[in-house]
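All chains, full assembly: derive it from the sequences and hints.
Here's the letter readout for the chains.
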Amino acid sequence: MEFETVGIFGIVIGVIARFWPVWLALGIILALSLRYKKMLGLYGHLFDTGVGIAGLMICLFWLFTAIFADVIAPFDPLQQVAILKNAVPGTVDPGSGLPFLFGGDRLARDVFSRMVFGSQIVLVIAPAATMFALMVGTTLGLPAGYYGGRIDNFLSFLANLVLAFPVILLFYLLVTPGIRETAIPQWLAGIFFIFPVIFFGTLFYTRFKSRPGLLAAQLAITALIGGWVYIGLVFNKDPLGIISIRPNELNIFVAVVFASSPGVFRIVRGLTMDIKTRDYVAAAQTRGENPWYIMLWEVLPNARGPLIVDACLRIGYTTILLGTLGYFGLGLAPESPDWGTGIKESSRLLRAYIHPALPPVFALMSFVLGLNLLADALREQSLKD
Amino acid sequence: MLSFILRRLGVMALTMLCLSLVVFFLINLEPNLKKLAISQLDMRSSAEDLESWLQRNGYRQNFFVRYGQWLGVMPKQPNIDPQTGVASPRFAYCREPAEARFSGVLQGDFGCSTKFKVPVAQRLVPALGATGILMFWVMAVMVPVSLLIGVLAGMREGSRTDRSLSIASITTTATPEYISGVIFTVVFASWLGWLNGSAASATNQGVTFYNFTLPVMTMAIYGIGYIARMTRASMVEVMTQQYIRTARLKGLGFSAVVVKHALRNALIAPFTVIMLQFPWLLTGVVIVEVMFRYQGFGFTLVEAAANNDIDLLLACSLVSVLVVLSTQLISDIGYALLNPRIRVQ
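Going down the list, the sequences are from chains X and L.
If you count by the numbering used here, then the first sequence holds residues 6 to 390, one letter each, in order.
If you count by the numbering used here, then the second sequence holds residues 1237 to 1581, one letter each, in order.
Simulated from the structure, these hints should not be mistaken for laboratory data.
Being a predicted model, the structure only gives us computed values, none of them experimental.
Fair warning: there could be bad hints in the mix.
[Said to hold, decoys possible] Partner residues aside, some chain X positions facing chain L, computed with beta carbon under 10 Å: (1) Leu168; (2) Val172; (3) Leu178; (4) Thr187; (5) Gly328; (6) Thr329; (7) Gly375; (8) Ala380.
Glycine residues also receive a C-beta, built at the ideal position from the N, C-alpha and C atoms.
Shown next as structure tokens:
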């Protein structure tokens, strides 16, 4: 049976046209950023180098793709058009008249739409998990580096314990359907997700202790938002129904936070040990400041440069981890459109059809590359300061 | 130095004990035991059959007793037939003894693989050998290439060579094994047809250029970028040192300065980095061996995890944790030996 195709030229035009909301958003951001570059501090300095612009644009490209996925993707990621099984790129779907721009996969789904919707999964889990890992790592790393001694020994031992696990083994043990029947993911989530609340609570308390009115408001907001997210994520019982997480997603989320927190811990600990010898810390100690005030308001702000760079790299690494999970079919549903699962599905059939494999491969690679370039540009900027 | 090494070895043993306990706990969760029983009997077995199988093979004993048995500080019990009272070996295909005796990891007995129906050692040793060959070739490709790239990029900071090599290294660090594997297979196996997209034949017919290049390339490429960047950073730092300027000022050629004065000092930091790459390489081994169907350690680990093969998975974890910890130790000791400033302190 012969199908109508749109040809290579048609595919290129079609793909570019499909991404129109992304181009529009990128254009606006670029124009505004270049216009107000001087006022934007570190962010504005990113536009000084080609590497910085390229990294930022790639990251924003995938961010906007995730936001506008419904508009960009012509088909539903799970919709099967049986006659277009393994169709070559550009084959036109006779039903809707729209082309399968990157062809059809083994189960006759549109590869292009799956790639676009896959970005949503990656861009929600990877940055969120990295943020939680940062919170956990920072909250534990600061006292370990600042106090040293027994606390440091104990926490470092725990961190090294987790770091001694090869990541893949950790995932094979921690992300299984079996473990979801137990309460372990909930327990771990309950421990990890309390850290942001503690962090912000201490942050506000140490600074605004002397102004009870302001402090009460801040603590109330922290408790409210923190508690809301906590109930939504850990117990999956958000009263407003906005935050919800499926058990398998919670499992992945917890495992990723678990695997990357010790890395953050080590970096924060090292930075703290370095910074606590500086004069301004000694000055604060002489003033008789609370140790937690010194850690959170003197040490942490001065460690932000390396931490931002590390966060960027870490989001990329988490993306790679998510891909690994998808590649081994751990945690994510088999029909999930995420990039790792897509690579797993298509890499088995590489001898016959190569086109379903390439879009998720280049999507994942370009996103991680964008983050790495961004981190590189940020590092150069923070070295200049 | 000796006391340092002894202390580190002690911490290492403690870490391994803790980790094996954690792994033991996770593998022996109720759903996992059920999965094991189902895979050993069959899908249609009733709940009572599964329960009695678990009971009969000693999986219902106290958790710490079973951990002790695995470790070798508690005696392993044979199966006792409840009617006749006759003792029989637990797993006949592993030639387990028919009487109670101490036989655990400490005695060198890693137990019995329920998936492959052989003693764990018999399965794991050839797999480790196969992975050893893979690792050797990966290291043989990765280390020289990445050091060369790093030194070339770092000797003239900011030059065009430096920029392009740095971008290339960043790109490879954004390419995990499952990505580069797909790309290389598409280019070299599907499109050009030069290389074999599967290393299955390497397991029994021996390693050839045709079947082994793709796995080695795939694994090496992810590490190359990282090591090269570390080497570059270290090289850049060394090139700004006083003694390099002195060497230049006394009239030495640029290449002589790089080779004789800079290189040796610049290669200390990458040594640590290369050693600390091993945990990453272990993940890479798993991906590459599954992708190219090479029957090594990673392949065994995946099979063990997928079938909840308790003893095999425990042995795999022990091996990988040992690899990670000993490379950390070697990197610390090596760093101290290579860097005279630290040695004196």
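(request) List in ascending order the numbers of the hints, as given earlier, that are violated by the structure. (result) No hint contradicted; all consistent.
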